Amino acid sequence: MSTLISFDVDGTLITSVGNHANRLHKLAFAAAWKEVFNLDADIDAIKHHGSTDPLILLRILEHHGISKEAGMERLKDMEQIMCQYFGQHQQRAGEGIELLPGVMELLVKLRERGDVATCLVTGNLEPIGWAKMAALGLRDHFSSPHFGGFGSDFCSGDTLNSWRDRAELVRIAAKRAEESVGTIGARFHVGDTPMDLQAAAEAGAQAIGVTTGIYSRQELEATGVDAIILENLADLEAVFRAFNLA
Numbered sequence: 000m001s002t003l004i005s006f007d008v009d010g011t012l013i014t015s016v017g018n019h020a021n022r023l024h025k026l027a028f029a030a031a032w033k034e035v036f037n038l039d040a041d042i043d044a045i046k047h048h049g050s051t052d053p054l055i056l057l058r059i060l061e062h063h064g065i066s067k068e069a070g071m072e073r074l075k076d077m078e079q080i081m082c083q084y085f086g087q088h089q090q091r092a093g094e095g096i097e098l099l100p101g102v103m104e105l106l107v108k109l110r111e112r113g114d115v116a117t118c119l120v121t122g123n124l125e126p127i128g129w130a131k132m133a134a135l136g137l138r139d140h141f142s143s144p145h146f147g148g149f150g151s152d153f154c155s156g157d158t159l160n161s162w163r164d165r166a167e168l169v170r171i172a173a174k175r176a177e178e179s180v181g182t183i184g185a186r187f188h189v190g191d192t193p194m195d196l197q198a199a200a201e202a203g204a205q206a207i208g209v210t211t212g213i214y215s216r217q218e219l220e221a222t223g224v225d226a227i228i229l230e231n232l233a234d235l236e237a238v239f240r241a242f243n244l245a
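For the sequence shown, position 242 matches number 241 in numbering that gives the first Met the number 0, and the numbering has no gaps at all.
Watch out, some of these pointers could steer you wrong.
Said to hold, decoys possible - Keeping only pairs whose Cα atoms sit at most 20 Å apart, straight-line, the calculated PhoX-like set for lysine-lysine is:
| # | residue 1 | residue 2 |
| --- | --- | --- |
| 1 | Lys75 | Lys25 |
| 2 | Lys33 | Lys75 |
| 3 | Lys33 | Lys67 |
| 4 | Lys67 | Lys46 |
| 5 | Lys25 | Lys46 |
Hint data in this document are derived by calculation from the structure and do not stem from the laboratory.
As the structure is a prediction and not an experimental result, all values here were calculated from the model.
Given the sequences, and given the hints that come with them, work out the whole structure.
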């Protein structure tokens, strides 16, 4: 029986830095809106932390007066363009992103254990999420074969409650974990936004919050979720205690 630990990506494992923060991902969004709707748009026109890529695609369209229904009809086309654009420029995948403190050390330690399975649960489209991990040297430190729950796996269209979509991604990851590594015992999900914590609780996983994104401890605690809040993932002893692995 394995403990399952899933990780959000942006703000949890990695952070955006510099004038070209998360540059390629943002350009991939822009390419999708431009090619499908001839819309020149910028992801930063809305508050998008804690959402999923498909919901962000829809929300920007709504922001510019294009209906959610029209967006849903072309959603898979936009996702495909995003992945194609990212893949064509994959050598730039690491531009404007870097690892957060302790992340590499933690994943290496978890990979060494025979009783832990690790994966991603992220709003990123799957090819984009794994490409970021590869660019920063993390990809090979997750359980293999790789699995998880990704923005490309599910989209309800509910742009007002992104945590519900993220909860479905936590469930999808748990199902895939059982298929990949066998029986799963305790489940943990690590994230930096209130939506991550709400999603974990809704999907039956223990929520672990980190204050390495844009949200403070107080904002994470305000969700009312029974979560363990850590400053970051650098204190390995504290992190392992949170996972009941000490």
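Hints the structure fails to honour = none
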